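Protein chains in written order, with full-length UniProt numbering: chain A, 1 to 1009; chain B, 1 to 251.
Worth flagging that the hints you see were computed from the coordinates, not collected in a lab. Bear in mind the structure is a predicted one, so any value in this text is a computation, not a measurement. One should not assume that every hint holds.
Said to hold, decoys possible - Residues on chain B that point at chain A, a partial pick, calculated with CB under 7 Å:
| id | residue |
| --- | --- |
| 1 | H139 |
| 2 | V142 |
| 3 | N145 |
| 4 | A189 |
| 5 | F191 |
What the hints assert, rightly or not - Interface residues of chain A toward chain B, partial, derived using beta-carbon atoms under 8 Å:
| id | residue |
| --- | --- |
| 6 | E694 |
| 7 | V701 |
| 8 | Q702 |
| 9 | T706 |
| 10 | V707 |
| 11 | K708 |
| 12 | G709 |
| 13 | S712 |
| 14 | V716 |
| 15 | S718 |
| 16 | I766 |
| 17 | V771 |
| 18 | E801 |
| 19 | E885 |
| 20 | P897 |
Claimed, not checked - Derived pair list, reagent style SDA-like, types lysine to any residue, alpha-carbon separation capped at 20 Å:
| id | chain 1 | residue 1 | chain 2 | residue 2 |
| --- | --- | --- | --- | --- |
| 21 | A | K594 | A | S451 |
| 22 | A | K677 | B | V142 |
| 23 | A | K221 | B | Q77 |
| 24 | A | K677 | B | Q77 |
| 25 | A | K776 | B | V181 |
| 26 | A | K776 | B | V142 |
| 27 | A | K710 | A | I628 |
| 28 | B | K59 | B | Q77 |
| 29 | A | K774 | B | Q77 |
The beta carbon of each residue, even a glycine, is placed where N, CA and C say it ideally should be.
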Amino acid sequence: MAGGARLWVPLLLLSPLVVAAVYEDQVGKFDWRQQYVGKLKFASLEASQGSKKLIVATEKNVMAALNSRNGEILWRHVDKGTPEGAIDAMLIHGQDAITVSNGGRILRSWETNIGGLNWETSLDTGSFQVASLVGLQDVAKYVAVLKKSALSLHYLSNGHQKWAEHLPESESAQYQLLYSYGTGVIYSIGFVPRSHLNILTFSLEDGDISKQIRVSAPWMKSLSGACNVIGEAVLVCVDTDTHSLYALSLETEHEMKQIPLQSLDLEFADRFQPRILTTQPSPVSVSRTQFFLQLSSSRFTLLQYKHGLLSHLRDFQQATLVSFATTGEKTVAAVLSCRNEVKSASPDGLHAGDTLGHPHRPEFPACSNHTYNINLYLVETGQRLLETTITFNFEQSGARPEQLYIQVFLKKDDSVGYRALVQTEDHMLVFLQQPGKVLWSREESLAEVVSLEMVDLPLTGAQAELEGEFGKKADGLLGMFLKRLSSQLILLQAWTAHLWKMFYDARKPRSQIKNEINIDNLARDEFNLQKMMVMVTASGKLFGIESSSGTILWKQYLKNVRPGSSFKLMVQRTTAHFPHPPQCTLLVKDKETKMSSLYVFNPIFGKRSQVAPPVLKHPILQTLLLPIMDQDYAKVLLLIDDELKVTAFPATKNVLRQLEEIAPSIFFYLVDADQGKLSGFRLRKDLTTEESWEMTISAEVQRIVTVKGKRSNEHVHSQGRVMGDRSVLYKSLNPNLLAVVTESMDTHHERTFIGIYLIDGVTGRIIHSSVQKKAKGPVHIVHSENWVVYQYWNTKARRNEFTVLELYEGTEQYNATAFSSLDRPFLPQVLQQSYIFPSAISAMEATITERGITSRHLLIGLPSGAILSLPKALLDPRRPEIPTEQSREENLIPYSPDVQIHAERFINYNQTVSRMRGIYTAPSGLESTCLVVAYGLDIYQTRVYPSKQFDVLKDDYDYVLISSVLFGLVFATMITKRLAQVKLLNRAWRLGCTSRPHDGLPLTCPKHN
Amino acid sequence: MAARVLALALLVSLLPPGAGSAASCRGLRPGEGRDSEACGITLQLEHSFELNDSIHFRKRGTLLWTLAPDPSLSLSQKQLSEGERNLLREVAALNGLYRVRIPRWPLGAADELATEYVTSFVRACSLVESHISDRLTVHTDVAGNVIGISIVTMPGSCHGAEVEDVDLEVFNTTVVLQQPVPAAVPETAAFIERMEQEQAQRAKNPQEQKSFFAKYWMYIIPIVLFLMMSGAPDAGGQGGGNGGSAGAGGR
C-alpha cells in the first residue's frame, strides 16, 4: 500500500504544474508573430503584370517568396545561420529557382510556386566563383558552376552532373566569368593580375576544351566587376589607369582592342573602381550590346559596343542605382536618381546641382531632400520612356536606397509598365508602383533585433489631467476645488464618450469593429497589458511597436551607426511622471573605434529628446543607472570611461549634490574579458574613482564568456521557503550578485570544463565557485532571485544538461532589516542539482511578474523555434532523491535526472520563432501575467500565466448563468417573502379568531374545509 | 607551527635565486605535489589604509601555502604598531577602506614591478569594531592559480562602538584556501537504482502494483451500473414517445 501511495504522489504533484496550452479559439487573441527574411542579397521579379510573387534570397540565409500584392511571405526556407547556410548565387529558370549555397557546396532547385525543393546535390569543394544557366538552341537545360579550379555542368531537371572539368593554370589564373548564349559552348574567363587573360572555350556536349587562348593584359587588376561579356561573346573591360575600355571578341580575336574614353568626355572618380553592368535577357540568347559603365558612385553612363564601334547613348548624373529588365522584346534600364535636379539625365542638371551647393561626395552621394525618381530608358537608344517616372521619398528615415529591382511588363496598349522594389540602407523593402504609390513595405531590419525594452504606455488625457492635479502645487482652496470639478467633468465626458462608443459598436457586426491603434489614441489599458516595445536593430534603426497588435508606431533610423556596433538601451524615466515625457537612452558603441555616443529619445513617440546628452570623448566601459532622480524624475545614468572617469547624465546641480552625498556607497565593477580581469571601484565625491578590489581569472586556463547580474526591476515576494517541519529556509537575496561563467581554453573533450563564479559586485567577494567538468559551451544562463540556472553541453555523455544553484542563508536571517553587501560575514549555503535536457537551447529567460508572487517559469527557446515554459519547481535543488513525509508536505517533486519536453508546455503552439536569439520578459499590471517577446529572425509576442490566471475571470466565463442565477435568487427571495407575508397574515387571522376572543370584537373566522 | 615555518624558510633560502627567493614549488599543481612532502609557497600579505584614500601597501604578514598532503594556508603576521592603530582608527572614522592584497605569483618571481596582485577590502570601521578579527579566503582555480582574495570581518557591521586599544593589537585571523567545488551532475545511477528497488518491491508483492481500478472493479462496476440505470429513464423519456416501456427501473 505504501508503494502505491508513493506512486500517486508524483502524479498529483505534477498535475497542477502542467501549463494548459492555448485553446483553438485563443489563437492570435493576445499573441502575434511577425516573420522576416532579412536584408536582400538576390531578388527576382517576374516580368509579367499578373505575377504574384517575388523570389528573394537574403543575407540571413533565407530563401523566400513574397506576395507582390501585399508583401506577405508566401513561403520561406531558413537555412543555417552560420556561413554554411550562406546563399552564394540565385538563378531563376521558369518556375524554378536554382541556388548555390555553403560556399559552393550545395546546389538546390526550388519550385517557386509552393516553395518545394525539387532536388539538391552536393558539389565538390573549391571556392565558388560564379554560376550561370546554360542552354542549347532555345532551352536552358543546364546550370554551370565555376569554382576556383573546376567547371561543372549540371542538369536543371535533376541536378545530376553532366561533366566536370579541371581548369588549366588554376593556381595562377583566377577564373571569375562564365558566358554562353545558346551556341553549344561555354566561355570561362580567368586572369592573372597585371599579366594576361585566359579564355577557355568548353564544348557543352562533353566538356572538352575546344579552344584555349591567352590574351596579354598587363593593365588588368581585377576581372569581376571591371569586365563583362556583351553581345556575341565580346569581353568588355574598363581600366582607370589608361582611362580606356578594352574589348575582345572571345570567338575570333586574340588581342584586346583599346578604346580611349577621353573622346566621350567620361571622367572616373578618384579611388573608385568602375564597373560594367550588362544584361542577358535569356541564357540562350546573346547579351545586349548596351551596358552601363559606372564612373563614380553616383554617375552612370549607358554605352553600346556593336560591330567594333563604341557609341555613347546617355549619361546619368546623380544616379544612385541602375537596373536592367526585359519583357518580351523590350529591354529597359531603370535609373534611380536623386530628385535634386529638375531633369535628371541632362548634364546641365549636375552643374546646377553643384552650384547650388551640394558637394559631390564620392562615398556617400547625399540626396538632400531624400526624394528620388525612377525613370525607364529604352536600352537600344537611351531614350527616356514617357510617363514612367516613379517619385518617392525617404524623408522620414533619411536612409539611402541600396538596391533596385524592376518588374517590367507590357500593358495592353503595348506600353511598358513597371513596379520597383527598392531596398534602403536601413533594410527597408519598398515595393513601388507608378506614379509613386507604395504598394507595401517591409521592415527587414527587425530580423535582427539586438536590444529590447518594454515601456508602459502613457495615461489617457483624462487620467493625466487627474494626475496633473495632484502633481501641481496647491493654489488656494477655491482654485483647487474648481480644478477638481473641472477634472471630474472631463472624466464624466470621457466616460460618456466611452459608453456611447460601446453602444455604437455593439450595433455593428463584430467583424467591422476595428480597434485601430495609432500614435494618437495610445493609452494604457486598465491592466497595463499593452505596452510599447522599443526595439533596437543591428542596422541602427529603432522601432516603437505596440505590444498587443505588433503595429509599428514609430521608427527612427540612426544614420551614423556603423554595422556591428553594440547597443545598450536604458529607460531613464518611465511614463509615471506626467507631465515629464518618458525618456530612453541608447548607448551606441562602435566596434572599431570603440567610441560611444548617446541617443536620447521619447520611447512613446520616437522623437529625439530636447535634452542634450553629454559628449563622450572616451570609450565607455560601463554604465550604471542609479535609483536617484533629478528634479524632473529622470534617473541618473553614470557612464564610466576608459580613464575611469565618471560622467553623470543628467548632470544638473541637484544631481551632482546628491551624487556627492551618496558617492561612498556607489560601487561598480568592470570586466576585462581578454585578460580575465574583474575589478571593483568606488565613486569619489569629485566623480573620480578608486579601485577597491581586483581579481584575475587566469586567461591561460579559462576565459570569461558571460557576466550576468540580476534584473533591477525584479521583486521577490517571499523571503524564504517553509519547509516540511514548519521552519523557514531563508533565501540569500543579494541584489549585487554576479554570475560569471568561464570556459576552459583547453577544448579537449576530457579536460574541458566550465567555471561558475558567483561574485558580489560590490565587495568582489567570491561567494561560490564551482567547476563543471567535461562540459562545453555555449552556456545559457538565467540569474534571478536566489538561483542561477545554466545549461551546457556535456562532452562525456554527449548531451545537454542543466545545473541549478540555489543560495540560502539558512534557517536564520542575518540582519533582516537592511541588506548591505559590506555587512555579510557569512557565506550562503549553496544547493545544487543537475538534470539532463533532451534538446539544445537557443535562448533562455525567466518569467517576471509585478510583485513576484506568481511562481516562476523558465522560458526556453529551442532550436526548433518552440518556446518551452518550464516550471522552476522542476529545477529545484531540493528535489529529494527519496521522497519523505516532509518533502511531500513541501510539495517537492521527487528527483528524476531528466527534464522532459512536453509539447503542451510550448507557449507558442505552432508559431515557431526561427533562429531565436533572445527572449524578453516584462511584468504587466496583473500579477498573474507576464509579457513575453521572443526575437530572432521572427518576432513573437505573447502572455504567459505561470500560476494560471488566478486574478482574472476566464474569457468564457458564464456571465449569463451567474447573473440569471443571481436574479433568480433575488426574485425567489422576493416571492418567498411575499408568500411568507401572506402566510403570516393568514395565520394571524386564524390565530386571531381562536386565541383572541376576549377582545370582544366581532370576528368572522374563515371556515375550515 | 612556528617550527614548520622556520624549516620552510630554511629550505627556501637554499633554493637557487632563479626559481625565486621564496617559492619552492612554483607552478606545481596541487595534485602533483604528493611526492614532495614539505613543499610550499609563501605569499606576502599586504594591507593599506590611508587617510587621504591613497593606496600605499605595507606588509602585514606572510601566507604559507602548503601544497601537500592537502593544500592549506597558514598566516604569520605581526602586531599592529601604535601608529598603525591610530591611523586605522582615523581611517575608520572617515569611512575609509582597509585593503589587502596578495600577489598572484609567489614573491620574487621574475621582476617586482610587473607583479600582479589580487585585492580586496573591508570598511576600516568594521575592522576596528570587530576587534581586528577577520577571515581571509584565497580563491584558486582548478589549476591552482590564485584568482582572488576575500576579506570579511566578524561581525561586519559599523555601529560606532568604542573599541579599546588592547583589542586592536593582534589580528585574529582565519585563513581559508578555497578551491572550486565540483558542480552537480545528473544523478542517473542513483535514480535507476531507486527505480529498480521500487520495481523489485513491486515484484515482491504484486498486490500493490495493481491500480485502483484493478483492485476495486467489483465495487465500482455495480455502482456505475446502478447510476446508469437510474439515469436512463430521464434520457429515455425525453428521447421518444415510447418512454413507458423503457422506464423500467427508476420511478
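Structure-based check of each hint:
1. The beta carbon of B/H139 is positioned within 7 Å of a beta carbon in chain A (closest approach about 5 Å), and the interface hint is therefore held.
2. Because the beta carbon of B/V142 sits about 5 Å from the nearest beta carbon in chain A, less than 7 Å, this interface hint is met.
3. A least Cβ separation of about 4 Å between B/N145 and chain A falls short of the 7 Å threshold, and the interface hint therefore holds.
4. Hint on B/A189 is violated. Least Cβ distance to chain A is approximately 9 Å, over the 7 Å limit.
5. Given hint, B/F191 at the interface with chain A, holds; its Cβ is 5 Å from that chain's nearest Cβ, closer than 7 Å.
6. Interface restraint check for A/E694: the shortest CB-CB distance to chain B comes to about 4 Å, inside 8 Å, so the restraint holds.
7. With its C-beta approaching chain B no nearer than about 5 Å, A/V701 sits inside the 8 Å limit, and its interface hint holds.
8. The interface hint given for A/Q702 holds, since its Cβ lies 7 Å from the closest Cβ of chain B, which is under the 8 Å cut-off.
9. Taking 8 Å as the C-beta cut-off, the interface hint given for A/T706 is violated, the closest approach to chain B being about 16 Å.
10. A cut of 8 Å between beta carbons decides the hint on A/V707: the least distance to chain B is about 14 Å, and the hint is violated.
11. With its C-beta approaching chain B no nearer than about 16 Å, A/K708 sits outside the 8 Å limit, and its interface hint is violated.
12. Look at A/G709: its Cβ only gets to about 18 Å from chain B, farther than 8 Å, so that hint breaks.
13. A least Cβ separation of about 24 Å between A/S712 and chain B goes past the 8 Å threshold, and the interface hint is therefore violated.
14. Below 8 Å, beta-carbon pairs count as interface contacts, and A/V716 has none with chain B, the closest being about 22 Å; its hint is therefore violated.
15. Interface hint status for A/S718: violated, as the beta-carbon distance to the closest one in chain B is roughly 24 Å, over 8 Å.
16. The beta carbon of A/I766 is positioned within 8 Å of a beta carbon in chain B (closest approach about 5 Å), and the interface hint is therefore held.
17. Using the Cβ-Cβ criterion of 8 Å, the hint placing A/V771 at the interface with chain B is satisfied: the shortest such distance is roughly 4 Å.
18. At its closest, the beta carbon of A/E801 sits 6 Å from a beta carbon of chain B; the interface hint therefore holds under the 8 Å criterion.
19. Hint status for A/E885 relative to chain B: violated, with the closest Cβ pair at about 17 Å, above 8 Å.
20. The interface hint given for A/P897 is met, as the beta carbon of that residue sits about 4 Å from the closest beta carbon of chain B, less than 8 Å.
21. For the hint pairing A/K594 with A/S451, the CA-to-CA distance comes to about 19 Å; that is within 20 Å, so the pair holds.
22. The suggested pairing of A/K677 with B/V142 holds, with an alpha-carbon distance near 17 Å, which does not exceed 20 Å.
23. At roughly 73 Å between alpha-carbon atoms, A/K221 and B/Q77 are farther apart than 20 Å, so this suggested pair is violated.
24. For the given pair, A/K677 sits about 28 Å from B/Q77 by alpha-carbon distance, which is inconsistent with the 20 Å threshold.
25. A threshold of 20 Å between alpha carbons decides the hint, and for A/K776 with B/V181 the separation of about 17 Å falls inside it, so the pair holds.
26. Distance restraint check for A/K776 and B/V142: the Cα-Cα separation of roughly 16 Å lies within the 20 Å cut-off, and the hinted pair is therefore satisfied.
27. Between the alpha carbons of A/K710 and A/I628 the distance comes to roughly 19 Å, so the proposed pair stays at or under 20 Å and holds.
28. This hinted pair checks out: B/K59 and B/Q77 have alpha carbons roughly 9 Å apart, not beyond 20 Å.
29. Between A/K774 and B/Q77 the alpha-carbon distance is near 40 Å, which puts this suggested pair outside the 20 Å criterion.
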